[in-house]
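**Q** Sequence:
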Amino acid sequence: MRIFLLAAVSAVALSTTALAADPPAKAMYGDWGVDLTAGDRSISPGTDFDKYANGAWAARTKIPDDQASAGVGYDVYNRAQDQLRTLIETADASTQIGALYKSFIDEAKVEAVDDKPLKADLARIAAIKSKADFAVAMGQAQGGFGGGVFSLDIYPDAKNPEINTLYIGQAGLGLPDRDYYLTDGFKPQLAAYTAFIERALKMAGYPDPAKSAADVVAFETKIAKVSWPVADRRDIDKTYNPTTAAELATYAPFPWTPYLAAAGMPGLTKVVLGEKTAVRDIAKVYDETPLETLKAWQTFNVVAETSPYLSKRFVDSRFEYVKVLSGQSTLRPRWKRGVQLVDGSLGEVVGQAYVAKYFPPSSKAQMIELIANLKTAMAARIQKAPWMSPATKAEALTKLSKMQVMVGYPDKWRDYSGLKLDANDLYGNVAASRRFEWAYTLSDLGKPVDHGKWGMTPQTVNAYNGGLENKIVFPAGILQAPYFDPAADPAVNYGAIGAVIGHEISHGFDDQGRKIDATGKLRDWWTAEDAKRFDAQADVLGKQYDAYEPVPGAHINGKLTMGENIADLAGLQVALDAYHASLGGKPAPVIGGLTGDQRLFLAFAQAWQDKSRPDSLKQQMASDPHSPSSFRVVGPTRNVDAWYAAFGVKPGDTYYLPPEARSRVW
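The sequence shown begins at 804 in my numbering and counts up by one.
Hints were generated in silico from the structure; no laboratory data involved. Note that CB positions come from ideal geometry on N, CA and C, so glycine has one too. A portion of the hints provided could be inaccurate.
[What the hints assert, rightly or not] With a straight-line Cα cutoff of 20 Å, these simulated SDA-like cross-link-like pairs (lysine to any residue) come out:
#1 Lys-829 / Val-879
#2 Lys-865 / Gly-1130
#3 Lys-1005 / Ala-994
[Said to hold, decoys possible] Okay, the calculated beta carbon distance ranges per label pair:
#4 Pro-1355 / Lys-829: 40 to 50 Å
#5 Lys-1041 / Asp-869: 31 to 41 Å
#6 Asp-869 / Asp-987: 27 to 37 Å
Please construct the entire structure, taking both the sequences and the accompanying hints into account.
**A** Below is the structure:
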């Protein structure tokens, strides 16, 4: 849905009425949108702005035993889960929502059937006689339970973005990232994973589960060695490698034809390889691996994937591994796991009920206007960017003008009528849901891209930039306090959700967005000199993040997190610009002794309030392109001139940067 089209010739005046609708009587956080009791005022802003804004909260907060972290993100997520629980638990068992939830929440029945539903799936693996047959079984697992050594995804073709095509990439690892197999820092996690595999194979009836588990880990380690690091996988040029079926068979010998046919894609003549050399090398690892090891690997995958829907002994075995991986010490209550299952399986069915009850039209209208203001502010930033040539600025403004904006929920709801669920068959319900989802995915292959489809459900607490579709999406789930609060001071909404909006907009113009034009086509529309000047400023930011050490001995990877770090900085700067413009030339009011800029920066910091377990942080830093939350506060703010003026940050303060050392990427 195209809500706002910005003229590509010049920035226009921002609306001064955004967020001016009649709000509730009081903000949810504090008196005007920020909880001032969260800050540690014994620490100066320049010493650590995250602690200045959130330190007292962190000191008094204990991470719940069933969570890997705590903070604003979890608060909003848990609030959304409570809202969903209200909707789901009251659903009649004759409905899809009610049937699926009842089948999960009936723990006595799940215990009574134990592993009976699993036996048929394991028997099919045991019956495999050749690697060709195993490849077929892997293809069939796309719509069922089990792993694959390759990922199969259907996305817009980057060189023909109006048509969906198949992307084949690396897969096959059970741990979060290749580093878990290859570096000493993750030895405890690898040991816990190996023990989990052994327990799973023992429950599956393997005569020597310890040896088979060791074989499985050795197999995955070989895959890890040839897999691409996450930082390289961000590069859209490197991961776009179109090829014909005949060329693929020669480049990476593997039973591709029966494999893809079993996955529901017979007769393909063209595909796109993602991590090209990894696909080739994984095919070689597959060819060299004994069939019995592959069968043990797939047996484990099926047990691991189905454990949440089996009896307590399976659930507990899996959680013993999860505890070591994330640091979470207690299993989440069954109702939370049931809500998550329903939410993940019936996303837009639940979403329709969710937005009807929890997302008023007034909130959508305010968000649309706020986004329009942020887009206008971004246009002004583009026009003033010293590293952009005039021709590149024109292309950037065209892309911005064509960027679709989607708020709250999709215009057209997905049809789930073909999914049949039984209140008395949990395992069958999950299997049916997986078949249904894969069939839905397959329905896009070779077809025109439906730009109205969403990649997140309305109740999701997140937002995204659609990349090849040149759109930004803000689900209703994230449009809650403290990210967005109709009763809050406007500076707070600009600092919180405004910075998120600016973040997502800016992805269209970062180190990867530069390679996608206004139509969504893979085309580098920058000049070589533009790229050189941009890279110089991005490198300034990257070196700052490389120096940050969230966990002793573990530094942030500035290359892996580059795109998100740039977007965090751009989002804050554009939000600040938009807030200033919204004042219409008038000074911002002083509230509680705080200026408008101070309130905006505090709201920005509050939005990233977080306390995580060390193991969870290590997992994030190994595999997530986002920096840990505290550095999403201190990293951007120290590069914004207005932050220094707002809080009197001066030379000698820990996070002080002289003006010439601040990144001017935006």
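**Q** Hint compliance check: list the failing hint numbers for this structure, sorted ascending.
**A** Those not satisfied: there are none.
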